[in-house]
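Chains as they are written, first to last, in numbering that gives the first Met the number 0: chain V, 0 to 372; chain L, 0 to 372; chain X, 0 to 372; chain A, 0 to 116; chain Z, 0 to 116; chain D, 0 to 116.
For the record, the hints were derived by calculation from the structure and aren't laboratory data. Errors might be hidden in some of the hints.
Unchecked claim - Only pairs whose alpha carbons sit at most 20 angstroms apart, straight line, appear in this in silico EDC-like list of lysine to aspartate or glutamate:
| hint | chain 1 | residue 1 | chain 2 | residue 2 |
| --- | --- | --- | --- | --- |
| 1 | V | K309 | V | E195 |
| 2 | L | K36 | V | E189 |
| 3 | X | K310 | X | D339 |
| 4 | V | K36 | X | E243 |
| 5 | V | K310 | V | E189 |
| 6 | L | K309 | L | E157 |
Claimed, not checked - Some chain L residues near chain X, calculated using beta-carbon distances under 8 angstroms:
| hint | residue |
| --- | --- |
| 7 | G80 |
| 8 | V241 |
| 9 | T276 |
| 10 | P277 |
To be verified - Under 10 angstroms between C-beta atoms, here's a sample of chain X residues computed to sit facing chain D:
| hint | residue |
| --- | --- |
| 11 | A111 |
| 12 | L120 |
| 13 | S201 |
| 14 | G358 |
| 15 | S359 |
The structure presented is a predicted model; accordingly, all values stated were derived computationally and were not measured. Virtual Cβ for every residue (Gly too), placed ideally from N, Cα, C.
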Amino acid sequence: MGMLTDFLMSTGFVGIAWQNVVMILFGCLFIYLAINKGFEPLLLLPIGFGLIVGNIPIPESMSGGEEGMFFVNIYQGVKQGIYPPLIFLGVGAMTDFTPMLSNPKLVLLGAAAQFGIFTTLIGALFIGFTPQQAGAIGIIGGADGPTAIFLSSMLAPELLGSIAIAAYSYMSLVPVIQPPIMRLLTSKEERLIRMEVSRQVSKKEKIIFPIIGFLICTLIAPGSMVLIGCLFFGNILKESMVTERLANTARNAMIDILTILLGFSIGANTLAVNFLTPQSIGIFVMGATAFALATASGVLFAKFLNLFSKKKINPLVGAAGVSAVPNSARVVNKVGLEADPTNYLLMHAMAPNVAGVVGSAIAAGVLLSVLGH
Amino acid sequence: MGMLTDFLMSTGFVGIAWQNVVMILFGCLFIYLAINKGFEPLLLLPIGFGLIVGNIPIPESMSGGEEGMFFVNIYQGVKQGIYPPLIFLGVGAMTDFTPMLSNPKLVLLGAAAQFGIFTTLIGALFIGFTPQQAGAIGIIGGADGPTAIFLSSMLAPELLGSIAIAAYSYMSLVPVIQPPIMRLLTSKEERLIRMEVSRQVSKKEKIIFPIIGFLICTLIAPGSMVLIGCLFFGNILKESMVTERLANTARNAMIDILTILLGFSIGANTLAVNFLTPQSIGIFVMGATAFALATASGVLFAKFLNLFSKKKINPLVGAAGVSAVPNSARVVNKVGLEADPTNYLLMHAMAPNVAGVVGSAIAAGVLLSVLGH
Amino acid sequence: MGMLTDFLMSTGFVGIAWQNVVMILFGCLFIYLAINKGFEPLLLLPIGFGLIVGNIPIPESMSGGEEGMFFVNIYQGVKQGIYPPLIFLGVGAMTDFTPMLSNPKLVLLGAAAQFGIFTTLIGALFIGFTPQQAGAIGIIGGADGPTAIFLSSMLAPELLGSIAIAAYSYMSLVPVIQPPIMRLLTSKEERLIRMEVSRQVSKKEKIIFPIIGFLICTLIAPGSMVLIGCLFFGNILKESMVTERLANTARNAMIDILTILLGFSIGANTLAVNFLTPQSIGIFVMGATAFALATASGVLFAKFLNLFSKKKINPLVGAAGVSAVPNSARVVNKVGLEADPTNYLLMHAMAPNVAGVVGSAIAAGVLLSVLGH
Amino acid sequence: MNFGWHNVVAGHGIGLMITGMLIVFCGLLLISGIIVVLGSLNGKSAKPKAAAAAATAADREPTREELIAVAGLVVHLESERSLGEWTQLTIPRQNRVGSIWASAGKMRSLSEGGSHA
Amino acid sequence: MNFGWHNVVAGHGIGLMITGMLIVFCGLLLISGIIVVLGSLNGKSAKPKAAAAAATAADREPTREELIAVAGLVVHLESERSLGEWTQLTIPRQNRVGSIWASAGKMRSLSEGGSHA
Amino acid sequence: MNFGWHNVVAGHGIGLMITGMLIVFCGLLLISGIIVVLGSLNGKSAKPKAAAAAATAADREPTREELIAVAGLVVHLESERSLGEWTQLTIPRQNRVGSIWASAGKMRSLSEGGSHA
Ligand code: NA
Ligand code: NA
Ligand code: NA
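Full structure from sequences and hints, please.
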């Protein structure tokens, strides 16, 4: 039975390396976190299972096999930057900009929080990443999955896996990372500040905003055209009320299908050689700093604004500037309630929260046009 | 800060031209028409927003940027004629051929209305378009979005944007364009004609029809194979009752996703250089004539048929031959009710209405096989 | 009117051959079977209509026409093995492995039934098929649509149409093929055997199983990575309960869209030259044998197991090893009730039934790695 | 663009028009002919009672029983859903063909899985 | 990887940071400015009563009538569904805008087909 | 096609069959082994009461209260829908996990958006 031995030689057991095992364990870890700890399951479960699938040792004899092509094929949508913008389109179709429209002042907090992106970029440069890699790592501080994936697929595809995992992990760790920083940087009095109820927003405003918003963002940062374009296109589909069925499909069937393909293919294409590197450690460390710095700068900028305005802002709200919609807004609400059980900051926090999405898309645009190719 | 100035040089403000501004204004116009005037919002809103996105000036330094590739990528589905037939499949899964099956005689009115296509073709040739372009322009008279887009993507891609916009605009202007022509060409007596109630149609007929219908159309006009094939395939999915779930997805999730991609990518790939041309004016003028002629020939042919048959047809019904499902059928019903508030022509008008869809697909097939490369 | 005659020369009537007619009749036959006899309508209806569409004679003058490209384009997803694994993903999202988890012993029956695959392979080799073709034909015995299509697209694309049609036809003929064999190979006493009620399965088991199951299968048969990976990925999306919306879309919108594209494009790309061949007859004969042998080996292996275990298995259950989920399980239940109207075998039969799906995916993996390129 | 009739001649405009309209008319004429034939074949089997029933069904108010039935169906689907697949095979699909619930129900039944797998 | 500040200098880190934050702030500053303008324009047309109505609608319990209405709607859709397209054009879409039923209804109405075709 | 056993020999038919069946059996044998292990591990944590509850839930008729509850839920979703996102964050998702309404509800809640963005 030469053929039998041949076959046995071609099983996965032959040529299995410790890297494969470690990667598979990582996959199991992310699945565990997704299911038992509720870490962004919609992304981390597919990525985790993808890691397991992609790191099964395939014997030489088959490495060129067409069947291995499947994951290469569905990964094209990531490589060529097709899935993330379309997912962003669906996100736009579920995002409600009303809180932002009713609190224009709070929009600036969403800008301040992007400070985390650029300080992290410098940190990444410092520890020896290339400018392109540093940009991709910095964007983790944007706390925006599609933006991070889109940018790193453009600037540093080799880091995509680690960056995607870091971004989504920290987005779900927001309730752990943010509160201590928020408490550290604010006084009890500040946490007690009540903000006036926000004004009504007319349907017309909601429809005009996506158009004007898009024009401003892309004229200032042409690199953000695709992401911002898709985000606001999805949003106008939703707000116009005349394309309800398109908005519905965009935020349900379409975004789900793309999320499955995105997560699964990213996982399956994240191999030990790219993931089990000192760089990955650097990425995770940098990512944590990015989130911390973003939170801090949001809070501090809110306090800074209070120096000049009579209507005080509750500085906690600044922490919501690191999008991670809607987790960080919920964290703000929670911490606010600790200080005063009757002071609900949620709707106020949603303003910087969605502004942060736009902010990091602009930042990604800047990085893309400066560092792109 | 050489880098800062560099970047400012790379914003959209630099190198913005009046063409960009005009195109963006056009985009806003179509969005306005879609939302406030209800002009085919499912298509004109995506196209309109796409126009805005696609005509933001991108500085030289980035014109080759990968991120610009996104719209090129999703446009492939239009260029290679993939989206329109699949949308047609979904249309088939929502179209009901019953009225046509119960009024075979009225089918001919759907043929007569295609006269608008070919007269417009001649007009387009006359004012100097190439035969291919003329064919693509003529098909606007078919009043059928996917057919028009499919044909022009094959014959005259450079005119695709203008033709798509013209087609959908006029389809929603049907209530404005048709009534005067209908009144002009019919006497009060004719508008009062009552038509006998149509016969029952058995489930079996509904299932057999798509198959036989497809064979006839494609044997006579092989060029219409793809469009007619998808239309009738979608319809049999619906009528067979055994593939309900496929029909459901085809007419909901699938058609919605494709409509988003189609409209958005067409808009984003319609640039000033192709759109702001005297040709576009020609296209819009020709398009209007096409609709007018189609309406007229439908009505007149109905009167012509009345010369020979004892069971008189209400000539208004002929106007529904210009598909534009179901707008023109509704217009017919409205004008009919003006003459006699108890004479409902809607179900009768649906017959030439759906027949018109088949008719223009056949016409497209002819043009494709004669003019295709 | 030279042009008119030109055109008439270009209609489908010219150059229509008897092969076209026969293929179209076959298309009608499959549509009839799908609608009136309920033969796997979700697949056979699209394939049938596709056969009609794809076998309309296209005149030379147009054979290179872009519009013919449509079916070539959507067929890419089959050729490159993209649709079947994604469909398998959706299948995973609707499959319930609970019966299998609660009856581990019955899993082996799912293995025994795969005997049909390899005996058929030998038969196919015997009558002169190439090893690759023989492998693709053998997999028909797996009674698993996506697996059969995936494997034949890899090993013998030229036979894909016939194999797909054979596989789905026999899957719906299971109620006709299996009972006689089951009755022939079992005694009345055996058919009366009652099996003990199966144990409860915890949520945790359901979540851990897809992961471990995948590792075992792919380490032993790396070639099954893609199919098994997608199957179990879909299943964990379902069982984890935290990605409900993804599982929902995977088993509804996504699988429906892919099924439409798969069936329609397979049909349209199955031409007379590949289908009207003695080989096809061979394929259908072999397919029938495959199903019969699979059923027999399942039943006999159950009897074999009974020789060693005190807890007797009802050998009828062995017949469910030929997946064809859930038809064969229902057949088992029916035949069981004939013997004893109070002996419900359905849930017991589901165990080998789903095990059979895994089993044939493994078998496909073996064939792929041994015979691939 | 240079206007003029010569363009039309050069582009065989008239020929195209005649050919085209001829084809379109042949096509739809044949179709309407076939429809007539089909109709006469199935003419006997036309079922007006169905139509009548339909009309009434559409017009009249839902009865108390129907309200119970509908809500009950929802409850059933809810419980079924939460129980998972143990109840899958108990769904009475046949008598819910063509209803929006049916599709919802089918989605979860293995039988659909089978049709795909 | 070789640590060190020289990497930052080489990568124009500081320049990038300043440029970037500048752009981001400009962008969002402009946006918030525009929002203020928009708000003042439509300021008059703010409708608090709608909000109030909404709030109440969200709070209070569904009345007996609503229960009937809802179940009735389901029944209506069921029957409509089983009847197929003969009743398509009778769906009162307008007054169900934005409801999940509406979309379900629209799917089956030709008007949507038209928007696509 | 030339019949004959030599084809089988040339194609290593027997070898393939033995190898294949061996692999398939190994695979499923291992799987059933693992299942046994898994089962014994979680054996203690088997919950028959859940099953019982399930069974009853499936069998018995929906009560009056449930009818109200269901219709009420529909009404709630309706109003929620028409109000848009102001009520988004009020959806009690937790206790509707795995229900068809839940998914409908989730779709509209920003939390899902977050999971994607
Ligand atoms: Na952000
Ligand atoms: Na038409
Ligand atoms: Na099988």
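Enumerated hints in conflict with the structure, sorted upward: Hints 2, 6, 9, 10 are the ones this structure does not satisfy, whereas the remaining hints hold.
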